[in-house]
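Start from the sequences and build out the full structure, keeping to the hints where you can.
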Amino acid sequence: MLRWVPAVTLLLFLGPVAAGLVGTWLPAFGVLPALGGTEFSLAPWRRLLAEPGLVTSIRLTLGTGFAAAIVSLALVLAFLAACHGTRPVVAVRRLLAPLLAVPHVAVAIGFAFLASPSGWAARAVSPWLTGWERPPDIATVPDPWGIALVCGLVLKEVPFLLLMTLAALGQVPADRTLAVARSLGYGPATAWFKTVLPLVWPQIRLPVYAVLAYSLSVVDMALVLAPGTPPPLAPRVLRWFSDPDLSRQFVAAAGAGLQFLLVVGAIGLFHGGERLAAFLGRRWIAAGGRGHGERGGRIAATGAMGIVFAVGLLGMLGMAIWSVARRWRWPDVLPSVWSPGNWARQADALAWPGWTTVSVALAAALIAIALVLGCLENEQRTHVTPGSRALWLIYAPLLAPQIGFLFGVQVLLVASGLDGRWAALVWGHLLFVLPYVFLALAGPWRRLDERYARTALCLGASPGRVFWRVKLPMLLRPVLFALAVGFAVSVGEYLPTVFAGGGRYATLTTEAVSLAAGGDRRVIGVYAFLQALLPWLGFTLAIAVPAWLYRRRHGMKAFTA
Amino acid sequence: MSGDGSLVLDGVTVALDGATLIAGLDLAVAPGEIVTVMGPSGSGKSTLLAWLCGAADPAFRIAGRATLDGADITGLPPEARRVGILFQDDLLFPHLSVGGNLAFGLPPGLAGPERRARIEAALEEAELPGFADRDPATLSGGQRARIALMRTLLAAPKALLLDEPFSRLDAALRDRIRCFVFGHATERGLPVLLVTHDPDDARAAGGKVVEIG
Amino acid sequence: MRTKLILTLVLLAALAMPWRAGAQALDWADITAKARGQEVYWNAWGGDERINAYIAWVGARVQAAYGVTLRHVKLSDTAEAVRKVLAEKTAGRHEGGSVDLIWINGENFKAMKDQSLLFGPFAEQLPNFALVDVVNKPTTRLDFTVPTDGLEAPWGMAKLNFIHDSAVLPEPPRSMAAILDHAKAHPGRIAYPAPPDFIGSTFLKQVVYATAAEPSVLQRPAGDNFDSVTAPMWAYLDALTPHLWRGGKVWPKNGPALIRLLDDGEVDIAISFYPAEASSAIAAGLLPDTARSFVLDGGTIGNTHFVAIPYNARAREGAMVVADFLMSAEAQARKENPEVWGDNTVLAMDRLDATGRKLFADLPLGAATLAPEALGPTLPEPHPSWMTRIEEAWLSRYGS
Chain A
1 MLRWVPAVTL
11 LLFLGPVAAG
21 LVGTWLPAFG
31 VLPALGGTEF
41 SLAPWRRLLA
51 EPGLVTSIRL
61 TLGTGFAAAI
71 VSLALVLAFL
81 AACHGTRPVV
91 AVRRLLAPLL
101 AVPHVAVAIG
111 FAFLASPSGW
121 AARAVSPWLT
131 GWERPPDIAT
141 VPDPWGIALV
151 CGLVLKEVPF
161 LLLMTLAALG
171 QVPADRTLAV
181 ARSLGYGPAT
191 AWFKTVLPLV
201 WPQIRLPVYA
211 VLAYSLSVVD
221 MALVLAPGTP
231 PPLAPRVLRW
241 FSDPDLSRQF
251 VAAAGAGLQF
261 LLVVGAIGLF
271 HGGERLAAFL
281 GRRWIAAGGR
291 GHGERGGRIA
301 ATGAMGIVFA
311 VGLLGMLGMA
321 IWSVARRWRW
331 PDVLPSVWSP
341 GNWARQADAL
351 AWPGWTTVSV
361 ALAAALIAIA
371 LVLGCLENEQ
381 RTHVTPGSRA
391 LWLIYAPLLA
401 PQIGFLFGVQ
411 VLLVASGLDG
421 RWAALVWGHL
431 LFVLPYVFLA
441 LAGPWRRLDE
451 RYARTALCLG
461 ASPGRVFWRV
471 KLPMLLRPVL
481 FALAVGFAVS
491 VGEYLPTVFA
501 GGGRYATLTT
511 EAVSLAAGGD
521 RRVIGVYAFL
531 QALLPWLGFT
541 LAIAVPAWLY
551 RRRHGMKAFT
561 A
Chain B
1 MSGDGSLVLD
11 GVTVALDGAT
21 LIAGLDLAVA
31 PGEIVTVMGP
41 SGSGKSTLLA
51 WLCGAADPAF
61 RIAGRATLDG
71 ADITGLPPEA
81 RRVGILFQDD
91 LLFPHLSVGG
101 NLAFGLPPGL
111 AGPERRARIE
121 AALEEAELPG
131 FADRDPATLS
141 GGQRARIALM
151 RTLLAAPKAL
161 LLDEPFSRLD
171 AALRDRIRCF
181 VFGHATERGL
191 PVLLVTHDPD
201 DARAAGGKVV
211 EIG
Chain C
1 MRTKLILTLV
11 LLAALAMPWR
21 AGAQALDWAD
31 ITAKARGQEV
41 YWNAWGGDER
51 INAYIAWVGA
61 RVQAAYGVTL
71 RHVKLSDTAE
81 AVRKVLAEKT
91 AGRHEGGSVD
101 LIWINGENFK
111 AMKDQSLLFG
121 PFAEQLPNFA
131 LVDVVNKPTT
141 RLDFTVPTDG
151 LEAPWGMAKL
161 NFIHDSAVLP
171 EPPRSMAAIL
181 DHAKAHPGRI
191 AYPAPPDFIG
201 STFLKQVVYA
211 TAAEPSVLQR
221 PAGDNFDSVT
231 APMWAYLDAL
241 TPHLWRGGKV
251 WPKNGPALIR
261 LLDDGEVDIA
271 ISFYPAEASS
281 AIAAGLLPDT
291 ARSFVLDGGT
301 IGNTHFVAIP
311 YNARAREGAM
321 VVADFLMSAE
331 AQARKENPEV
341 WGDNTVLAMD
351 RLDATGRKLF
361 ADLPLGAATL
371 APEALGPTLP
381 EPHPSWMTRI
391 EEAWLSRYGS
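Residue numbers (the working numbering), protein chains in the order written: chain A, 1 to 561; chain B, 1 to 213; chain C, 1 to 400.
In short, the hints are calculated from the structure, not lab data. Possibly wrong hints are sitting among the right ones.
Claimed, not checked - Below, computed lysine to aspartate or glutamate pairings styled on DMTMM-like, alpha-carbon distance capped at 20 Å:
id : chain 1 : residue 1 : chain 2 : residue 2
1  : C       : K249      : C       : D238
2  : C       : K113      : C       : D77
3  : C       : K358      : C       : D133
4  : C       : K184      : C       : D238
5  : C       : K249      : A       : D137
6  : C       : K110      : C       : D77
7  : C       : K184      : C       : E171
8  : C       : K89       : A       : D245
9  : C       : K113      : A       : D245
10 : A       : K557      : B       : D135
11 : C       : K113      : A       : D243
12 : C       : K89       : A       : D243
13 : C       : K113      : C       : D149
14 : B       : K208      : B       : D26
15 : C       : K249      : A       : D143
16 : C       : K249      : C       : E392
17 : A       : K557      : B       : D133
18 : C       : K110      : A       : D245
19 : C       : K110      : A       : D243
20 : A       : K557      : B       : D89
21 : C       : K249      : A       : E51
22 : C       : K184      : A       : D137
What follows is the structure, encoded as structure tokens:
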């Protein structure tokens, strides 16, 4: 049975992506029998191109997507190069989990309050410094250029890229390489860029592409932070999909197709840039410059990273405070009247979306962990380790824009009568939970010293017993951590809920997105804070449970640290 | 030769990427005998042991036959071979107590009191009475090595494979543990196959020495 | 003797009405029996937390009284629900649809009615419809000039009004011309939500009323006269837009967002559809105590909002039970309470029993609420066709 797990897993999450793409591309060329479209036609594309402000939308999409990905990557690389092996890296590593856990929407909402003209930052310096008796009429969040969206994305993608890069660094002889380079007279950051980056780049390339693809096609954050008239392409496509004029479905499908092409083109372009950078980099390395003036760069990189973490965490703190505020007017830095009443008033309204959020996230994370464990165990028993191409398959749902295939998935669900069911929702989330769970667990699982398993086998234990009694307990911490990752990913999903839930299911994330449009920051605070709290709880449990279980097993430190 | 408790290797060839590491090795280890296989690192001696206990890396091409107590074990899964192995690291399971590690070695089907008695007896033999609830991480290297041997012996193996089991121990300890392991193995009449690159080990084993590589 | 006779007749009429309704089509006992245990997915605009909290309260009440589980599907635009039903009809799902009840009026109602997407008539046979003031509140049966034909049950009476902070702006502008002057004098302090948000749309209707040469044409469907009638409106908006909040480049998403901007001091005026909204917002801690309501000279637009049941609703009986409960004195009085929501009732006081009347009599008015006589004349909604075209034109002018 075990040997079918990889096939079933691939089918379960690549099948829908492929079917979803077909189900999106056919209507893009006029084929959607349910709406009377039976003939191949270019009309949807003509209508799409005639949409007013389409060029603005595309420009916004490309501008924000590339800016967010490049800024995030530059920040992470500059920081790690400047601070490799120093205390700031240790501090950042410690603060990583809480920031990673916060769903995108919550980050966006928190940032919106910090940076808006009536927000926390402006309050802190008004009116004593700025002279603003009333909030200034400046478009900061949202702004017409999408800068706020770029900031929000950077806040969320920097921790992700940091995590992936730190993990990659652990798998290459970074310290020794660096020591050699420095003994040859290279400055630390120059040495890092010239010797360590080429080692880790192959391993962080796919995560970087995923960040680029995500930034280009983000919907939930854009609904909060991006301009709405017109919005970037992805939220605009979503708007067309929900237009009461059903003939707009064809335009929406063509828009989704365009979104897909944009992402593919952008990744291609980025890949080209990568090769150019590699070419220039080789000449730079060969030139033998040892690097000087690194001090300024180090301070700037550390400072920028500090700002990213401070803004991210302050945003959540702001939401936490709002959730217990009754009156908090401009220009007060803290609420004038506090009250727990927001939570009490929301208790009823929270129950149903809260339950949906938790039950779907738990189910999706558990199914994902079971499938991933099945794949990894099968891999070890058959001694077949998938090559690097398999990694592309795992990344596929993260690289393809969600809006580009979720419509097709919905068509599939409606056709099979499964839409709007809890199971469909779990499945929709599983598509995106599975890759992250795999990425979180594969490394630790494969790194476990295989002689433990061999010893156990030679002691007469069956492979099943070895799995349950030796591997699983020894890897409890990474398994629970991967489970928490899956849970957090599911809690944060927006579009899969919208499309697979058929409007019948609301989660904290969909509620937070719709509330963010409204006015009551106190209620928004409750939802955003709770949305962040659930994954935090998950990660805390993932760390605390093994630590408690193995509190008298010092040998497990290596596996639980 | 059949059924006398010997471990017999018959024409064992180990190759990696087309290069032959071990060619046509024939070897018989009688019960209570300790045969030492010596060779430099990369000579395939650890792979030979992994193959004997059924867990060789499939990257190696291995041909030949192994019989234990007259039965062909070549195609058997590791858990059915009844071949115990000790590595240079003790590999005590860090998530289990000392007693838990020993219990893992015990075959299933014994009643609770019987299991506890067997574990306590094993601890006595290892000169570590009352250590059942201890965390293995709090034990000294010598203590851990003795527990690892006891865990292997509790599984009632019919042969014992030793993969440089003493190389991590300091010199003073090494002699004592060597005596302890060899003593227990010969006492139980097990055929023992030792791979090492330490001539002292071979001398202490006092048996046949096979050089490979 | 005469008075006694009249009283008897009124009583008889009052008694007769529910009986007549019951005899006509609906077996109410059967419906409540079928409703028990059903899950009703109510697709309702979810942008206002006080309304959401009210709907949650309705959910708790119908659960307790009828065993109906109410799920509030929060929409940002009612058109989303129309689309869903239409998509289901197109896909051939004529039963077991995903929408059971919709909060609706105006062009969305017309769209659903025109395309036969609604179940009914049912509204006027609901027991509590007998309490509705169909005489003095004709919009309870005439939605944006379109007859409801019993396809939607009246839920509340809305009337456009404006809110200002009297501590910041003691004398608010009381006409569209004055609003334009105010915007020119104080750039960035006037804002309205982007259509199709209903507050934004209604503001545009208010502009077309104020600028059209002959407003009465708005009661008939828009035709070739669209450009000539709306030309002065576009001239007004072209003059206003550069002076709007954020220069008209960014728009508030909805009414509650505008209330927050007023509270933050970013804008001078908020717009609301609920006469007691200012009091309600003060009570909820969303506006300062100095917030006050005002209306425009010459009147503001008023309408009725309804609930309707899609033709393919899965929990049709449950939806009817909810619609009926929404018209009860208990639900209507709570809705009118400024501390809860502040939306006016559709009921006639003289059709209520003493307990029901007392519920309304005991309601606080709220310091910031205008007395009914100060609310000014009510302008009727234009025919829905006007708004559809105005929204399209607005989007291409200012929205892209």
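Now the hints, each set against the structure:
Restraint check: the Cα-Cα separation between C/K249 and C/D238 comes to about 13 Å, which is no more than 20 Å; the hinted pair holds. Note on C/K113 and C/D77: the hinted pairing holds, with a Cα-Cα distance of about 18 Å set against a maximum of 20 Å. Proximity of C/K358 to C/D133 is assessed by CA-CA distance (about 17 Å); at most 20 Å being required, the pair is judged to hold. Among the hinted pairs, C/K184 with C/D238 is consistent with the structure: their alpha-carbon atoms are about 12 Å apart, no more than 20 Å.
For the hint linking C/K249 to A/D137, the alpha-carbon distance of about 12 Å falls within 20 Å, and the restraint holds. Under the criterion of a C-alpha separation no larger than 20 Å, the hint pairing C/K110 with C/D77 is consistent with the structure, at around 15 Å. For the hint linking C/K184 to C/E171, the alpha-carbon distance of about 16 Å falls within 20 Å, and the restraint holds. For the suggested pair C/K89 and A/D245, the alpha carbons sit about 13 Å apart, so the restraint of at most 20 Å is met.
The suggested pairing of C/K113 with A/D245 holds, with an alpha-carbon distance near 15 Å, which does not exceed 20 Å. Note on A/K557 and B/D135: the hinted pairing holds, with a Cα-Cα distance of about 12 Å set against a maximum of 20 Å. With a C-alpha separation of about 18 Å, the suggested pairing of C/K113 with A/D243 holds against the 20 Å cut-off. Restraint check for C/K89 and A/D243: satisfied, since their Cα atoms lie roughly 15 Å apart, inside the 20 Å limit.
At roughly 10 Å between alpha-carbon atoms, C/K113 and C/D149 fall within 20 Å of each other, so this suggested pair holds. Restraint check for B/K208 and B/D26: the C-alpha separation of about 13 Å stays at or below 20 Å, so the hint holds. Proposed proximity of C/K249 and A/D143 is supported: the alpha carbons are some 9 Å apart, at most 20 Å. The straight-line distance between the Cα atoms of C/K249 and C/E392 is roughly 17 Å, inside the 20 Å bound, and the hint therefore holds.
Note on A/K557 and B/D133: the hinted pairing holds, with a Cα-Cα distance of about 18 Å set against a maximum of 20 Å. For the hint linking C/K110 to A/D245, the alpha-carbon distance of about 14 Å falls within 20 Å, and the restraint holds. Restraint check for C/K110 and A/D243: satisfied, since their Cα atoms lie roughly 16 Å apart, inside the 20 Å limit. Restraint check: the Cα-Cα separation between A/K557 and B/D89 comes to about 17 Å, which is no more than 20 Å; the hinted pair holds.
The suggested pairing of C/K249 with A/E51 holds, with an alpha-carbon distance near 19 Å, which does not exceed 20 Å. For the given pair, C/K184 sits about 14 Å from A/D137 by alpha-carbon distance, which is consistent with the 20 Å threshold.
In this structure, none of the earlier numbered hints is contradicted; all agree with it.
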